[in-house]
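Sequence order for the protein chains is G and B. Note that the first sequence covers residues 1 to 288 in our numbering. Note that the second sequence covers residues 289 to 534 in our numbering.
Hints are not guaranteed to be accurate.
To be verified - A few chain G residues that face chain B, going by a derived Cβ cut-off under 7 Å, partial list only:
{"id": "1", "residue": "27"}
{"id": "2", "residue": "178"}
{"id": "3", "residue": "182"}
{"id": "4", "residue": "189"}
{"id": "5", "residue": "193"}
{"id": "6", "residue": "194"}
{"id": "7", "residue": "196"}
{"id": "8", "residue": "197"}
{"id": "9", "residue": "205"}
{"id": "10", "residue": "208"}
{"id": "11", "residue": "209"}
Because the hints were derived from the structure by calculation, they are not lab data. Beta carbons are placed, not taken as given, at the ideal position from N, Cα and C, and that holds for glycine.
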Amino acid sequence: MAYLEETGVIKDIFAYYGDIGYDPEIPGYFSAHPEALAAIQVIDHYSPETEDSGDDQNFFEWLWSEIVKNFVEKDRYQLIIMGLQNTVFITIIGLALGLLIGIISAIIRSYHDMRNKFKILNAIVRVYITVIRGTPILVQLLIIYFIVFASSGLNSIVIAGIAFGINSGAYVAEIVRAGINAVPKGQLEAAESLGMTFNMAMVTVIMPQAVRNILPALCNEGISLLKETSIAGYIGIVDVTKAAMLIRSQTYSAFVPLIGVALIYLIIVLFLQYLVGKLEKRLNNAYR
Amino acid sequence: MPTDEVLLEVKDLHKYFGDLEVLKGISTEVRRGEVVAVVGLSGCGKSTFLRCINQLEVPTSGEIIFEGTNTLDGSIDITKLRERIGMVFQSFNLFPNMSVKKNIMLAPVKLKVMTEEEASVKAEELLKRVGLADKADEYPMKLSGGQQQRVAIARALAMNPDIMLFDEPTSALDPMMVGEVLNIIKELAESGMTMIVVTHEMGFAREVADRVMLFHNGVVVEDCTPEKFFNENDNPQVKEFLSHLI
Ligand SMILES: Nc1ncnc2c1ncn2[C@@H]1O[C@H](COP(=O)(O)OP(=O)(O)OP(=O)(O)O)[C@@H](O)[C@H]1O
Ligand SMILES: [Mg+2]
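Turn these sequences into a full structure, and let the hints guide you.
Following this line, the structure appears as structure tokens:
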């Protein structure tokens with residue numbers, strides 16, 4: 001990057017991506033301009049570079065030098081951090097939207113199944129779920145980016161969040177519906193036999209029990225979503241996977257960037273799974 | 289000790305599940321204070337009959353007149369009807385996510401029949417009545433089957449119903465616990481509660497009921513006093529039914 005700084009090219013790149021006040025001292029400046037940073041990293045790769053690799057290294061020396069080369073040199077770890085931010089951001093938008101769509105869909109389906117209401121909405125929801133579950137998520141992402149939001153001018157990260165939300169919503173819908181169905185039929189009958197309305201019974205009796213069935217599965221859906229966002233690179237987003245690929249293309253070494261990024265995913269997933277496990281234990285101990 | 293006042297009148301009640309006719313024209317009357325035992329072999333339509341009365345199942349045709357109003361004419365508020373009809377299920381169906389006391393208080397409070405305080409007093413009184421005053425804050429899953437069913441009875445009574453429907457209230461219980469539940473139901477009968485009890489407990493029917501109705505394939509084939517039903521009955525279908533019991 002020093003080369004680009006010296007020649008002033010870096011300013012031009014940021015200006016091209018819509019920011020004329022280039023100032024690397026502003027905290028978070030680079031991550032605020034992911035497209036520009038991605039471009040810089042690519043161009044940077046062609047800039048002059050001096051390299052000396054000894055021949056008589058053992059594996060650990062080699063590994064260490066690779067780590068230094070891929071993450072430390074030219075502050076490449078920043079690219080990983082930025083990618084991680086984007087990954088998390090897309091996951092959070094996707095999850096929030098997925099929950100919203102999924103819960104509404106599940107309620108429509110349950111009302112239809114139990115009360116014969118919302119016939120048309122139910123049909124729409126069923127088509128939605130069938131299509132989403134019957135097509136690859138990558139294809140969905142590409143359709144949403146290149147067709148649905150093609151000329152919207154929306155930030156690609158937001159578009160990815162929407163795409164993952166729409167995808168996740170179908171799975172959330174089925175999780176929530178299964179959770180509601182798993183509450184024994186007698187619960188609704190008991191509530192109704194006391195004179196409670198269907199809505200009242202749903203809110204006070206069925207849903208609180210359904211949540212216990214649903215919550216662990218929902219957390220697992222969130223974990224899957226996090227992993228699935230690794231395809232965001234296909235629409236030009238530098239997520240953590242794409243960041244690793246950019247580093248690879250600059251350093252010509254695949255091992256450390258890719259294994260590194262796999263470890264990052266694994267650590268996050270294991271941590272989240274640990275939390276889900278604790279949650280499950282607490283849910284199982286309730287009312288007993 | 290039934291009175292003369294007719295509380296519930298069922299006229300030519302039919303119920304189909306798809307093409308299957310489960311009730312084939314049931315007619316009967318239940319007087320205030322009367323205890324009716326409904327007996328019959330498995331699958332003859334006993335539960336369906338009870339569930340039609342509070343419209344957990346929608347009858348296909350016929351009339352059900354409860355406290356002078358036809359409940360099937362479509363204009364009545366079914367939830368209001370159900371407030372006056374208590375039901376106790378074979379499988380208790382307590383709400384596992386609430387304490388015993390909250391189970392009892394839920395409907396009266398949510399339906400604004402009582403304030404929180406009134407419902408709390410009522411719940412404690414009912415729990416004392418079913419002998420579970422010390423279990424108020426327990427969760428249902430911690431109780432034995434017999435205790436759960438007693439709570440379910442208290443829960444149904446909390447709405448001050450005019451009639452109680454029992455659908456095999458002791459069939460899911462260990463034999464050890466049948467007695468404690470039947471005793472509560474018997475006490476309730478003695479206090480003047482009108483009730484229809486679907487049961488396989490012939491001792492109970494003989495001792496507590498004012499009338500026994502025998503269902504067979506969706507029709508009432510006998511409807512008489514327990515004395516007549518169990519002692520001097522020459523109806524072949526009654527003989528056949530009684531011979532199925534041990
Ligand atoms: N929801 C339903 N859909 C279809 N058929 C049903 C339904 N409920 C009951 N039936 C059928 O109606 C018939 C009568 O059932 P019901 O539960 O009223 O019998 P029952 O006399 O209560 O029997 P049991 O002593 O086993 O409880 C049975 O053949 C049953 O399979
Ligand atoms: Mg039955």
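Going down the list of hints, with the structure as the test:
no. : hint : in the structure
1   : 27   : violated, 47 Å
2   : 178  : violated, 18 Å
3   : 182  : violated, 13 Å
4   : 189  : holds, 6 Å
5   : 193  : holds, 4 Å
6   : 194  : holds, 4 Å
7   : 196  : holds, 6 Å
8   : 197  : holds, 6 Å
9   : 205  : holds, 5 Å
10  : 208  : holds, 5 Å
11  : 209  : holds, 5 Å
Hints 1, 2 and 3 from the list above are not met by this structure, while the remaining hints are.
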